Amino acid sequence: MPQEKPDLRNLAEPVRFKRALTLLLMTLVLPGSAQIAAGSKRAGRWAWRVIFGIVAIIVFLVLLSLVWRSGTINLLVSPKTLRLVQILLILLAIGWAALFVDAYRLGRPLTLERNHRLTASIVDGVLVVLVMSVLIYGSTIVSAQRDFVASVFGNGQKSKADKGRYNVLLLGGDSGADRIGTRPDSITMASVDAETGRTVLIGLPRNMAKIPFPAGTEMAKQFPHGFEWKNCGHDCYLNGVYTWAMGHKQFFPGVKEPGLLATSQAVEGITGMKVNYYVLIDIAGFQHLLDAVGGITVDVGKKVPIGGIGGPIKGYIQPGRNQHLDGYHAMWFARSRAGASDYERMTRQKCVMTAMLNQLSPQKVLTKFQAIASASKEVVQTNIPAGELGTFTDLALDSKKLPVSSFSPVPPLIHTGDPDFALVRTKVAEAISKSEALDKAASDGNGKKSNTPSKAPTKPATSGKPTGSPSKPSTDVDDVASICKA
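In case it helps, our numbering puts the sequence shown at residues -9 to 476.
Mixed in with the good hints there might be a few duds.
[As the list claims (entries may be wrong)] Here are the simulated DSS-like pairs of lysine-lysine, each with C-alpha atoms no more than 30 Å apart in a straight line: (1) K246 with K150; (2) K391 with K150; (3) K304 with K153; (4) K264 with K293; (5) K200 with K424; (6) K424 with K153; (7) K31 with K8; (8) K430 with K153; (9) K211 with K239; (10) K390 with K150; (11) K391 with K264; (12) K367 with K391; (13) K292 with K391; (14) K150 with K367; (15) K246 with K200; (16) K264 with K390; (17) K200 with K239; (18) K148 with K367; (19) K150 with K293; (20) K390 with K430; (21) K390 with K424; (22) K292 with K390; (23) K200 with K264; (24) K292 with K304; (25) K390 with K239; (26) K390 with K367; (27) K304 with K424; (28) K8 with K70; (29) K391 with K148; (30) K150 with K70; (31) K424 with K391; (32) K390 with K246; (33) K148 with K430; (34) K246 with K211; (35) K391 with K430; (36) K70 with K246; (37) K424 with K150.
[Stated by the list, open to error] Quick list of simulated restraints, FRET-style, between CB atoms: (38) K304 with F241: 39 to 49 Å; (39) H314 with V116: 31 to 41 Å; (40) L387 with K430: 20 to 30 Å.
No lab work stands behind these hints, which were simulated from the structure alone.
None of these values were measured; they are calculated from a predicted model.
Built from N, CA and C at the ideal position, the CB exists for glycine as well.
With the hints as extra help, turn the sequences into a complete structure.
As structure tokens, then:
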């Protein structure tokens, strides 16, 4: 014969109090367990099914990431997936809170003494607020991620790796009230090995003249003999290509940003390499992004002015090792031209890029994600499609393990006023070959490339350590960590 449940009033009051707290803690550790033990077993089983389903999905994603990391990242950053996760987190918050309320009811609070009933009520309320706050906060992070992906990354066309490399044009756009439009004063091509992530930074002088363009492009039709003053005025340098194209949009029907297209074609003409994607960063707003990540630590090789060139010098970034720079000072460290050549500034910018690559750990990005996402929407513009985020995140993680090489076509090797572009392309090809040789030396027995750091010409940078600035530019293929020293 079925037996009736014992009357809890027959238990000692301290025992009833411990029972009520235990049910709440059981719900915290394993939602649904309180219902299985003392309430509706059906409700408890449904809660367990949900938990085990979530655990199974997490385990599946972890295993998938081991064999297909880029695909897993692409799946996780998809706006549809993020929307689903956001809704799921909100539902979990509501469901878990309901289980706490039910566990409190199962503890029979009316059978407890006043002080014990008050304690149980407070514990239940704290746990409800704690769990809901964590899950709702998680949903806001997911929402920020979804908004970030939708705002910065689009549905552009996927560009296949060219000769085993992704070439991403990094532009630092300097716009302001005293300038007409945006002028990319920082122009760097990041050539990334599509398998290992090993990267070569090719820094291009903003004052490079007589720029050739690939045959068949609109810019080549407009400037068959290169970007010369006879055709474009007295501002016919590499950083003026963007401004010219934006002022002549009639030659680029259907193109939203002709300046970016023209600049990409200019870089292709200079280097002889295909540009897969571009990333344009507003230097004036760059400080907000760096503030969001807590700044960077660099070695400053010489005193760097803050301001100057059209305005007063407001101060200096003092030389020294392990200088921690906030967004404002890091921006001027990369941007300052007073008392320095363009080539020195180019190398400082490489140092900033390398510092960010080495010092921005996934943990830091995660903990500061909302601030980073908010700042990035304001300062970053790119044509990298959202579907390629996994690919480049995967490569970035590999790249952190390897030294970054660099090459700059600057004097005395290259005269920027009348460049020998055949020599530039030869040196670029040599830089790429030298970088790829390091991967070949590290190949495994199956002939596949390895992202294990191989013996490099100089000591590579390590994550978290400062990156500094040089006083002299380098035209050779060097480990950037060896260049950026005080």
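The hints, checked one at a time:
1. K246 with K150: 22 Å, holds
2. K391 with K150: 24 Å, holds
3. K304 with K153: 47 Å, violated
4. K264 with K293: 37 Å, violated
5. K200 with K424: 28 Å, holds
6. K424 with K153: 15 Å, holds
7. K31 with K8: 21 Å, holds
8. K430 with K153: Within the cut-off at roughly 15 Å; holds.
9. K211 with K239: 14 Å, holds
10. K390 with K150: 23 Å, holds
11. K391 with K264: With a Cα-Cα distance of about 26 Å, the restraint between K391 and K264 holds, given a limit of 30 Å.
12. K367 with K391: 28 Å, holds
13. K292 with K391: Given pair K292, K391 holds - Cα atoms ~28 Å apart, limit 30 Å.
14. K150 with K367: Status holds; Cα separation ~26 Å.
15. K246 with K200: 26 Å, holds
16. K264 with K390: Answer holds: K264 to K390 is near 24 Å, not above 30 Å.
17. K200 with K239: 21 Å, holds
18. K148 with K367: 21 Å, holds
19. K150 with K293: Given pair K150, K293 is violated - Cα atoms ~43 Å apart, limit 30 Å.
20. K390 with K430: 18 Å, holds
21. K390 with K424: 19 Å, holds
22. K292 with K390: OK: K292 and K390 at ~27 Å, within 30 Å.
23. K200 with K264: It holds: about 19 Å lies between the C-alpha atoms, which stays within 30 Å.
24. K292 with K304: Since the Cα atoms of K292 and K304 sit roughly 17 Å apart, the hinted pair holds (cutoff 30 Å).
25. K390 with K239: Violated. K390 to K239 sits at ~39 Å, over the 30 Å cutoff.
26. K390 with K367: Satisfied, since the Cα-Cα distance of roughly 24 Å is no more than 30 Å.
27. K304 with K424: 42 Å, violated
28. K8 with K70: 45 Å, violated
29. K391 with K148: 26 Å, holds
30. K150 with K70: 24 Å, holds
31. K424 with K391: 18 Å, holds
32. K390 with K246: With a Cα-Cα distance of about 34 Å, the restraint between K390 and K246 is violated, given a limit of 30 Å.
33. K148 with K430: Holds, because 27 Å separates the two Cα atoms, which is no more than 30 Å.
34. K246 with K211: Measuring from Cα to Cα gives roughly 20 Å; hence the hint holds.
35. K391 with K430: Roughly 16 Å between the alpha carbons, so the hint for K391 and K430 holds.
36. K70 with K246: 26 Å, holds
37. K424 with K150: Holds: K424 and K150 sit about 22 Å apart, inside 30 Å.
38. K304 with F241: 39 to 49 Å: 41 Å, holds
39. H314 with V116: 31 to 41 Å: 38 Å, holds
40. L387 with K430: 20 to 30 Å: 21 Å, holds
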